[in-house]
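Visitor: Model the full structure from these sequences, guided by the hints.
Protein chains in written order, with my numbering: chain A, 420 to 772; chain B, 420 to 772.
Think of the hints as simulated: they come from the structure by calculation, not from any bench. These numbers come from a predicted model, not from an experiment. Possibly wrong hints are sitting among the right ones.
Because identical chains share one entry, a pair is satisfied inside a single copy or across any pair of copies.
[Said to hold, decoys possible] Derived pair list, reagent style EDC-like, types lysine to aspartate or glutamate, alpha-carbon separation capped at 20 Å:
#1 Lys750 x Asp732
#2 Lys750 x Asp595
#3 Lys662 x Glu628
#4 Lys662 x Glu597
#5 Lys750 x Asp687
#6 Lys767 x Asp710
#7 Lys600 x Asp751
#8 Lys453 x Asp751
#9 Lys662 x Glu539
2 protein chains.
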Amino acid sequence: MRVYGIVMAGGDGTRFWPLSRQDTPKQLLNLSGKDPLINEAIDRLSRIAPQEIFVVTSKHQEEQTRRIVGGRLGRDHIIIEPAARNTAAAIGLAAIEIVRRYGDGVLVITPSDSYIGNEEEFESVIRIAVQAAENSNCPVTIGIKPTFPATGYGYIRCRAVKGRACVATEFVEKPDFEHAKRYVESGEYLWNSGMFVWKASGILEKYKELLPAFYADLCRIGDAVGTEEELKVLAEVYPNFEKLSVDNAVMERTHDILVVPGEFNWSDVGSWDMLGCIYPPDERGNVIIGDAVQIDSSNTVIYSKEKLVATVDVDNLIIVNTPDVVLVCPKDRAQDVKKLVEELRAKKREDLL
Amino acid sequence: MRVYGIVMAGGDGTRFWPLSRQDTPKQLLNLSGKDPLINEAIDRLSRIAPQEIFVVTSKHQEEQTRRIVGGRLGRDHIIIEPAARNTAAAIGLAAIEIVRRYGDGVLVITPSDSYIGNEEEFESVIRIAVQAAENSNCPVTIGIKPTFPATGYGYIRCRAVKGRACVATEFVEKPDFEHAKRYVESGEYLWNSGMFVWKASGILEKYKELLPAFYADLCRIGDAVGTEEELKVLAEVYPNFEKLSVDNAVMERTHDILVVPGEFNWSDVGSWDMLGCIYPPDERGNVIIGDAVQIDSSNTVIYSKEKLVATVDVDNLIIVNTPDVVLVCPKDRAQDVKKLVEELRAKKREDLL
Numbered sequence: 420m421r422v423y424g425i426v427m428a429g430g431d432g433t434r435f436w437p438l439s440r441q442d443t444p445k446q447l448l449n450l451s452g453k454d455p456l457i458n459e460a461i462d463r464l465s466r467i468a469p470q471e472i473f474v475v476t477s478k479h480q481e482e483q484t485r486r487i488v489g490g491r492l493g494r495d496h497i498i499i500e501p502a503a504r505n506t507a508a509a510i511g512l513a514a515i516e517i518v519r520r521y522g523d524g525v526l527v528i529t530p531s532d533s534y535i536g537n538e539e540e541f542e543s544v545i546r547i548a549v550q551a552a553e554n555s556n557c558p559v560t561i562g563i564k565p566t567f568p569a570t571g572y573g574y575i576r577c578r579a580v581k582g583r584a585c586v587a588t589e590f591v592e593k594p595d596f597e598h599a600k601r602y603v604e605s606g607e608y609l610w611n612s613g614m615f616v617w618k619a620s621g622i623l624e625k626y627k628e629l630l631p632a633f634y635a636d637l638c639r640i641g642d643a644v645g646t647e648e649e650l651k652v653l654a655e656v657y658p659n660f661e662k663l664s665v666d667n668a669v670m671e672r673t674h675d676i677l678v679v680p681g682e683f684n685w686s687d688v689g690s691w692d693m694l695g696c697i698y699p700p701d702e703r704g705n706v707i708i709g710d711a712v713q714i715d716s717s718n719t720v721i722y723s724k725e726k727l728v729a730t731v732d733v734d735n736l737i738i739v740n741t742p743d744v745v746l747v748c749p750k751d752r753a754q755d756v757k758k759l760v761e762e763l764r765a766k767k768r769e770d771l772l
Numbered sequence: 420m421r422v423y424g425i426v427m428a429g430g431d432g433t434r435f436w437p438l439s440r441q442d443t444p445k446q447l448l449n450l451s452g453k454d455p456l457i458n459e460a461i462d463r464l465s466r467i468a469p470q471e472i473f474v475v476t477s478k479h480q481e482e483q484t485r486r487i488v489g490g491r492l493g494r495d496h497i498i499i500e501p502a503a504r505n506t507a508a509a510i511g512l513a514a515i516e517i518v519r520r521y522g523d524g525v526l527v528i529t530p531s532d533s534y535i536g537n538e539e540e541f542e543s544v545i546r547i548a549v550q551a552a553e554n555s556n557c558p559v560t561i562g563i564k565p566t567f568p569a570t571g572y573g574y575i576r577c578r579a580v581k582g583r584a585c586v587a588t589e590f591v592e593k594p595d596f597e598h599a600k601r602y603v604e605s606g607e608y609l610w611n612s613g614m615f616v617w618k619a620s621g622i623l624e625k626y627k628e629l630l631p632a633f634y635a636d637l638c639r640i641g642d643a644v645g646t647e648e649e650l651k652v653l654a655e656v657y658p659n660f661e662k663l664s665v666d667n668a669v670m671e672r673t674h675d676i677l678v679v680p681g682e683f684n685w686s687d688v689g690s691w692d693m694l695g696c697i698y699p700p701d702e703r704g705n706v707i708i709g710d711a712v713q714i715d716s717s718n719t720v721i722y723s724k725e726k727l728v729a730t731v732d733v734d735n736l737i738i739v740n741t742p743d744v745v746l747v748c749p750k751d752r753a754q755d756v757k758k759l760v761e762e763l764r765a766k767k768r769e770d771l772l
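Guide: Printed below as a string of structure tokens:
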């Protein structure tokens with residue numbers, strides 16, 4: 420069965436503000452120093468599904484996304500959501516598009532904004548998952564062997580079966596530290612990478628079962644695919660979809676989910692403190708992208724391409740300098756950078772959003 | 420007796436790096452938002468000695484100083500040290516210049532880089548000191564009534580006498596916190612402001628007594644004042660002066676020092692943490708010069724004229740943004756900003772010094 424790569428690029432990435440902005444969400448940033456994350460995601464999937472990769476993004480981000488993706492994808496391989504409606508809608512849209520355009524296929528669905536260090540290992544894990552997905556109607560997720568008790572990730576509890584696949588017995592949302600510690604120590608849990616492999620027809624079947632009204636609307640869109648009405652119907656139907664994550668609305672309510680464990684130096688790069696997953700810290704734990712001079716400083720994340728950052732006696736601090744903002748925030752509050760964005764929105768500082 | 424204002428502008432002000440630089444020391448910065456500190460010092464002295472104010476600065480800073488002082492002073496009212504040799508040399512030079520040019524006079528000697536909030540009170544205190552100095556050959560210093568147990572200032576112990584003047588019984592260098600606390604509680608100590616009033620002839624007499632070799636060299640310079648040889652002799656003699664502070668070399672070895680106490684909202688603005696002396700902190704203790712947005716942040720000093728500074732959950736931190744540097748440093752390490760300057764010098768980053 421033909422394999423299609425689906426790159427979900429709907430995130431607004433406020434947690435990487437001030438580098439990420441409304442028009443330049445995280446997936447469009449070159450955080451790794453190699454390529455924008457979305458292009459790394461596309462190039463990785465090219466190992467498995469060359470010529471058959473689709474990006475799902477929102478109207479708002481279409482222009483920037485097309486500009487950055489460039490010649491990597493054909494014009495009709497960018498699927499536009501009229502409005503961002505979370506992952507359940509985005510994946511439903513991708514599935515119905517593939518079914519109506521090509522009949523069916525195995526979808527390899529990945530976020531557009533994670534980091535993967537070992538691409539060979541990624542390819543080999545995905546190939547195992549594709550094989551497993553071809554032989555069933557069920558989803559095959561990729562679980563990451565946890566390396567520390569992360570509280571920022573969801574966990575999947577697994578029961579080992581033969582070979583390299585397990586059966587998922589439970590999906591757990593972001594736990595507190597104590598639970599995370601127990602999960603990691605037990606050896607029974609994997610991080611939920613947000614990547615999964617599933618037949619397009621299987622997805623639609625499951626939506627029909629669990630989300631019948633949602634499914635009916637998807638079919639209205641599906642009936643219009645390839646016709647002159649397509650954009651009109653999409654604009655009419657899509658913005659009314661309830662904002663549901665595929666994890667909550669589908670995965671957690673589905674049995675028989677397979678999990679293929681992966682160890683390929685993965686990170687969701689969910690906030691500034693995670694840059695240490697991409698860039699090896701120096702002997703004092705400092706991650707420095709750009710120019711810095713430091714006295715008595717440790718465990719900092721410094722991002723400044725434009726000017727020197729000088730520190731004395733700071734620890735566990737994030738310091739980001741962009742052309743119009745300096746951000747200073749402790750690592751353990753990195754998730755709250757989005758509060759600054761909300762504050763600026765409330766203050767109508769549109770130039771900084 | 421005629422009164423002359425002497426503004427000592429020899430400091431390199433590395434503690435205000437990255438705003439202060441080799442060519443733009445602290446006294447040339449507009450830290451108060453009104454005028455460069457040196458011009459505030461000159462304008463304050465104009466209340467007492469209009470037309471008769473001299474700036475002593477080093478060759479290295481001459482050009483910038485002349486540019487910033489502008490028309491405030493006549494060309495020959497800027498006395499140039501061929502090299503910076505600390506305050507004993509600078510004051511000796513000023514005294515010999517005044518004596519050789521004008522016979523004698525009362526010198527009102529002040530730093531060029533402190534802040535004074537209440538200029539009327541300053542004027543009234545200086546007038547008292549001038550009166551006292553006219554009637555004796557001894558120095559009259561200005562002591563500041565301490566408002567907190569500062570460890571960054573020297574203290575003068577005083578015995579009250581009649582009127583507004585006291586007698587100094589002891590000069591104490593920067594104390595530790597416990598001592599500072601005791602000094603403030605005792606009510607017997609004043610901060611050493613580095614300002615004093617003294618007859619030019621009295622200064623030279625004291626140098627003759629305490630620093631005879633130094634005095635002999637000053638006389639060589641004095642003999643050349645007004646001749647074609649002046650610059651040559653100055654360049655020959657001055658750079659060989661030992662680097663001595665007037666406090667250590669003269670004041671601490673002199674009896675019969677009068678002290679006039681002053682309360683005129685004085686600060687030496689010795690480092691970034693002191694900006695709160697000029698700018699009233701907000702209700703969370705934050706001093707913000709420029710543009711900032713803050714979540715859960717307190718007691719910060721933020722200086723950024725050029726772009727927004729955004730903080731989450733930081734306390735007691737200094738954040739300075741200049742066109743080519745971002746500085747982040749806890750307030751209690753503000754003195755160590757100069758270590759960064761040393762580090763950059765060692766790394767030959769001349770562009771940043």
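Visitor: None of the hints should be skipped; say for each whether it holds.
Guide: Evaluated hints:
1. Lys750 x Asp732: both (15 Å within a copy, 10 Å between copies)
2. Lys750 x Asp595: within (17 Å within a copy, 33 Å between copies)
3. Lys662 x Glu628: Within one copy only: 18 Å inside a chain, 88 Å across chains, cut-off 20 Å.
4. Lys662 x Glu597: For Lys662 and Glu597, the Cα distance exceeds 20 Å both inside one copy (30 Å) and across copies (61 Å).
5. Lys750 x Asp687: Result: close within a single copy only, 16 Å intra versus 35 Å inter.
6. Lys767 x Asp710: Intra 32 Å, inter 14 Å, cutoff 20 Å: inter-copy only.
7. Lys600 x Asp751: within (17 Å within a copy, 36 Å between copies)
8. Lys453 x Asp751: Answer is neither; intra-copy 27 Å and inter-copy 40 Å both fail.
9. Lys662 x Glu539: neither (35 Å within a copy, 66 Å between copies)
Violated hints, in rising order: 4, 8, 9; the structure is consistent with all others.
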